[in-house]
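Protein chains: 2
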Amino acid sequence: MQTSWVPGADQSGHSVHHLPYGSFTSPRNSEPRLGVRIGDRVLDLCDNAEDLAPEGPLRAALRRPNLQGLLPLGRESWDELRTSLQRFLTDPAKAHDLVDVSQVSLHAAFEPADYVDYYASEHHATNLGRLFRPDSAPLMPNWKHLPVGYHGRAGTLVPSGVNIKRPSGQRRTPDGEIVFGPSARLDIEAEMGFVVGAPTALGDTASVDSFADHVFGLCLVNDWSARDIQAWEYQPLGPYLGKSFATSYGAWITPLAALEAAKTEAPEQDPRPLPYLTEKDRYSYDIELAVTLNGTTVSRPNYRDMYWTPAQMLAHMTVNGASLRPGDFYASGTISGPERSQVGAFIELTWGGKEPMKLDDGTERTFLKDGDIVSITATARGAAGTTLELAEVTAGVLPAD
Amino acid sequence: MQTSWVPGADQSGHSVHHLPYGSFTSPRNSEPRLGVRIGDRVLDLCDNAEDLAPEGPLRAALRRPNLQGLLPLGRESWDELRTSLQRFLTDPAKAHDLVDVSQVSLHAAFEPADYVDYYASEHHATNLGRLFRPDSAPLMPNWKHLPVGYHGRAGTLVPSGVNIKRPSGQRRTPDGEIVFGPSARLDIEAEMGFVVGAPTALGDTASVDSFADHVFGLCLVNDWSARDIQAWEYQPLGPYLGKSFATSYGAWITPLAALEAAKTEAPEQDPRPLPYLTEKDRYSYDIELAVTLNGTTVSRPNYRDMYWTPAQMLAHMTVNGASLRPGDFYASGTISGPERSQVGAFIELTWGGKEPMKLDDGTERTFLKDGDIVSITATARGAAGTTLELAEVTAGVLPAD
Numbered sequence: 108m109q110t111s112w113v114p115g116a117d118q119s120g121h122s123v124h125h126l127p128y129g130s131f132t133s134p135r136n137s138e139p140r141l142g143v144r145i146g147d148r149v150l151d152l153c154d155n156a157e158d159l160a161p162e163g164p165l166r167a168a169l170r171r172p173n174l175q176g177l178l179p180l181g182r183e184s185w186d187e188l189r190t191s192l193q194r195f196l197t198d199p200a201k202a203h204d205l206v207d208v209s210q211v212s213l214h215a216a217f218e219p220a221d222y223v224d225y226y227a228s229e230h231h232a233t234n235l236g237r238l239f240r241p242d243s244a245p246l247m248p249n250w251k252h253l254p255v256g257y258h259g260r261a262g263t264l265v266p267s268g269v270n271i272k273r274p275s276g277q278r279r280t281p282d283g284e285i286v287f288g289p290s291a292r293l294d295i296e297a298e299m300g301f302v303v304g305a306p307t308a309l310g311d312t313a314s315v316d317s318f319a320d321h322v323f324g325l326c327l328v329n330d331w332s333a334r335d336i337q338a339w340e341y342q343p344l345g346p347y348l349g350k351s352f353a354t355s356y357g358a359w360i361t362p363l364a365a366l367e368a369a370k371t372e373a374p375e376q377d378p379r380p381l382p383y384l385t386e387k388d389r390y391s392y393d394i395e396l397a398v399t400l401n402g403t404t405v406s407r408p409n410y411r412d413m414y415w416t417p418a419q420m421l422a423h424m425t426v427n428g429a430s431l432r433p434g435d436f437y438a439s440g441t442i443s444g445p446e447r448s449q450v451g452a453f454i455e456l457t458w459g460g461k462e463p464m465k466l467d468d469g470t471e472r473t474f475l476k477d478g479d480i481v482s483i484t485a486t487a488r489g490a491a492g493t494t495l496e497l498a499e500v501t502a503g504v505l506p507a508d
Numbered sequence: 108m109q110t111s112w113v114p115g116a117d118q119s120g121h122s123v124h125h126l127p128y129g130s131f132t133s134p135r136n137s138e139p140r141l142g143v144r145i146g147d148r149v150l151d152l153c154d155n156a157e158d159l160a161p162e163g164p165l166r167a168a169l170r171r172p173n174l175q176g177l178l179p180l181g182r183e184s185w186d187e188l189r190t191s192l193q194r195f196l197t198d199p200a201k202a203h204d205l206v207d208v209s210q211v212s213l214h215a216a217f218e219p220a221d222y223v224d225y226y227a228s229e230h231h232a233t234n235l236g237r238l239f240r241p242d243s244a245p246l247m248p249n250w251k252h253l254p255v256g257y258h259g260r261a262g263t264l265v266p267s268g269v270n271i272k273r274p275s276g277q278r279r280t281p282d283g284e285i286v287f288g289p290s291a292r293l294d295i296e297a298e299m300g301f302v303v304g305a306p307t308a309l310g311d312t313a314s315v316d317s318f319a320d321h322v323f324g325l326c327l328v329n330d331w332s333a334r335d336i337q338a339w340e341y342q343p344l345g346p347y348l349g350k351s352f353a354t355s356y357g358a359w360i361t362p363l364a365a366l367e368a369a370k371t372e373a374p375e376q377d378p379r380p381l382p383y384l385t386e387k388d389r390y391s392y393d394i395e396l397a398v399t400l401n402g403t404t405v406s407r408p409n410y411r412d413m414y415w416t417p418a419q420m421l422a423h424m425t426v427n428g429a430s431l432r433p434g435d436f437y438a439s440g441t442i443s444g445p446e447r448s449q450v451g452a453f454i455e456l457t458w459g460g461k462e463p464m465k466l467d468d469g470t471e472r473t474f475l476k477d478g479d480i481v482s483i484t485a486t487a488r489g490a491a492g493t494t495l496e497l498a499e500v501t502a503g504v505l506p507a508d
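These protein sequence lines map, in sequence, to chains A and B. With my numbering applied, the first sequence corresponds to residues 108 to 508, in that order. With my numbering applied, the second sequence corresponds to residues 108 to 508, in that order.
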């Protein structure tokens, strides 16, 4: 294990084997800068650009306010910077006073280009099929042949910490009446999001084996969902206003390179997918999530249970020639395991609102009340026996107007 | 009628009562600039910024390579610039040599933020319902209560002139086999697209009566659609790869102000929509489209037949608090009238590929062949008895890899 000069870093979820990237302001800098979290501190990449990178595009990228300069440079530059950061943070000669993470405000870590949301958990898709279409087979015939996905609204992706106003919209009452008002079934979806770095040209594809060449890193996602709005609007063109009011993401992006030790086998697929979805080296990530509502941990999904891998989702997204841009973002869809205690959405956890959750404060919940605070956290194995703590996604629910 | 010093402009579809905006390069400028089309010429807004706008944000906006500087400034600035352009182009003292439109290359007129595609034609939705779901009611129960829409891929919006590679993907054969290959049912959708200028904050709404405050202008759209990919993938989360490979738009954006004389009554709605979708002043636009395939005009849809108006689509998009960004783009969905000769997609025109179209060259078509060229054009009434010609959307089909 490498030893950092940052006090407490080695034993934390943010050792030199993690090094997630974010955009921050602090009492020292009022304009957002790119930083790396180490222990309970933040290394300012702008201030240290000369030490960290040779003259050229990589050094220039460190002086940008977020990841947008680094993303298009590709895997070789990302790895070069990671090595340089680890050397810097373990070299006692470089020790200096870093800003405390409690003193910083986090901003958009990247500029979202397009946002795609998948539906990659067999358990979640099966549960939602049963709840939304009780009279049909829960999985559509296409589900095991391709990773089902759709485009979401990139403009309403917000970093953790931005509170979310309850959306209003149309819904149909059980009597068949069409009414307008604040959503009465506001839900969460605990997901994993992937930040695309290296772009492709229109007409090109990114193969299933090129995942690590194109994807820079990942973060937790809360894909807020207004189930009553969604149920009424979604046929035949898919979810729209039931999702587009906000999607929250963890504001520190964990680089893929930090997750080598968390790689694990992905579920076997039957039927075998088409060649463009077949990986030479098929793997998923063992990442243990916790969903917490007002302080009570209500569920513990694990990412390794997802049927479709992030490499398959990337290959599918581009197999028709759709181009990739730095800042494209795709999410896994709700991460749900086989047990009720492992599902990533309240609609599953409470079985359509019929079986309330009990919270530690003695109250019960089906869907979210105004003032509720939702937090999604996660840990994974890092290099050299360390544990990574992924950046939490935390936000409160504000009342509708 | 105002008389321009640009030769031939007054009698053309591009008099001073039109003045669409585009981003162009020419033998004189190799970096894109913002320009206005007048007659067969292009006025360079960068070169003439001092004459056209006082010192400040408006003048700065004219020095940007596309509309992104102008869009956030809002209706008052847009109208101020239009008055100034009309004064300039009718003042003989300002006469000078303008670049010929045949000498320019057009670029992205704006930077697409989010892209939403609606489904606002009752005739189109009914036809597609019959073709895709022959055993159910053609319109879903929600269709007359809200403008059904979904997010598309903003990163693959391309201006007219960019040829489109036939996408490959999964489809299910009539025997139920899942195969991969180039789409065998490549289609078009003739639509109208609306460019959002003035933004809103997250949590705010843009009311149905604020349409002209937020929307800068419009253009023709060809929403290329791979029907075989779409039919297999679209349930339950909507169209994805069947659409995301490319969407073409007319590269000169016609400002809303040019279309005052084209305003017309919109179809009456039954049932009456909810208050947030009810306009004080309900109107549509009388815009006559022509769809041409390899030189044969195969259809003549009119925009006025659309059930949901652009104001209703804007209000719906934001009623849940989703924010607007300058460069957000939303399209109407296929423009189809009641007659077979007025439909905006080949799947309707050939009734699912069963009734081929005859072209003037003696060949027949159901869906597109490699090398085919599709052109969508349109005219509308302008001020003072003029006729506006909207910028065409023209592109050819390139073979799959």
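Bear in mind the hints are in silico, worked out from the structure with no lab data behind them. Don't take each hint at face value.
For chains that are exact copies, the list does not tell them apart, and a pair is met inside one copy or across any two.
Unchecked claim - Keeping only pairs whose Cα atoms sit at most 20 Å apart, straight-line, the calculated EDC-like set for lysine to aspartate or glutamate is:
(1) K272 <-> E187
(2) K387 <-> D186
(3) K476 <-> D204
(4) K251 <-> E284
(5) K476 <-> E372
(6) K201 <-> E187
(7) K476 <-> D316
(8) K251 <-> D282
(9) K272 <-> D311
(10) K272 <-> D282
(11) K251 <-> E218
(12) K465 <-> E446
(13) K370 <-> E395
(14) K387 <-> D117
(15) K387 <-> D316
(16) K251 <-> E372
Hints, verified against the model:
1. K272 <-> E187: neither (41 Å within a copy, 36 Å between copies)
2. K387 <-> D186: neither (22 Å within a copy, 58 Å between copies)
3. K476 <-> D204: neither (42 Å within a copy, 65 Å between copies)
4. K251 <-> E284: between (36 Å within a copy, 13 Å between copies)
5. K476 <-> E372: neither (38 Å within a copy, 43 Å between copies)
6. K201 <-> E187: Within. Shortest intra-copy distance 18 Å satisfies the 20 Å Cα cut-off; inter-copy 57 Å does not.
7. K476 <-> D316: For K476 and D316, the Cα distance exceeds 20 Å both inside one copy (43 Å) and across copies (32 Å).
8. K251 <-> D282: Classified as between: cross-chain Cα gap 18 Å, same-chain 35 Å, threshold 20 Å.
9. K272 <-> D311: between (39 Å within a copy, 10 Å between copies)
10. K272 <-> D282: neither (27 Å within a copy, 48 Å between copies)
11. K251 <-> E218: neither (32 Å within a copy, 36 Å between copies)
12. K465 <-> E446: For K465 and E446, the Cα distance is within 20 Å only inside one copy (17 Å; across copies 58 Å).
13. K370 <-> E395: Within one copy, since 12 Å is at most 20 Å while 57 Å is not.
14. K387 <-> D117: Neither: 35 Å inside a copy, 64 Å across copies.
15. K387 <-> D316: For K387 and D316, only the intra-copy Cα distance (7 Å) is at most 20 Å; the inter-copy one is 55 Å.
16. K251 <-> E372: within (18 Å within a copy, 47 Å between copies)
Comparing the model with each earlier hint shows violations of hints 1, 2, 3, 5, 7, 10, 11 and 14; every other hint is respected.
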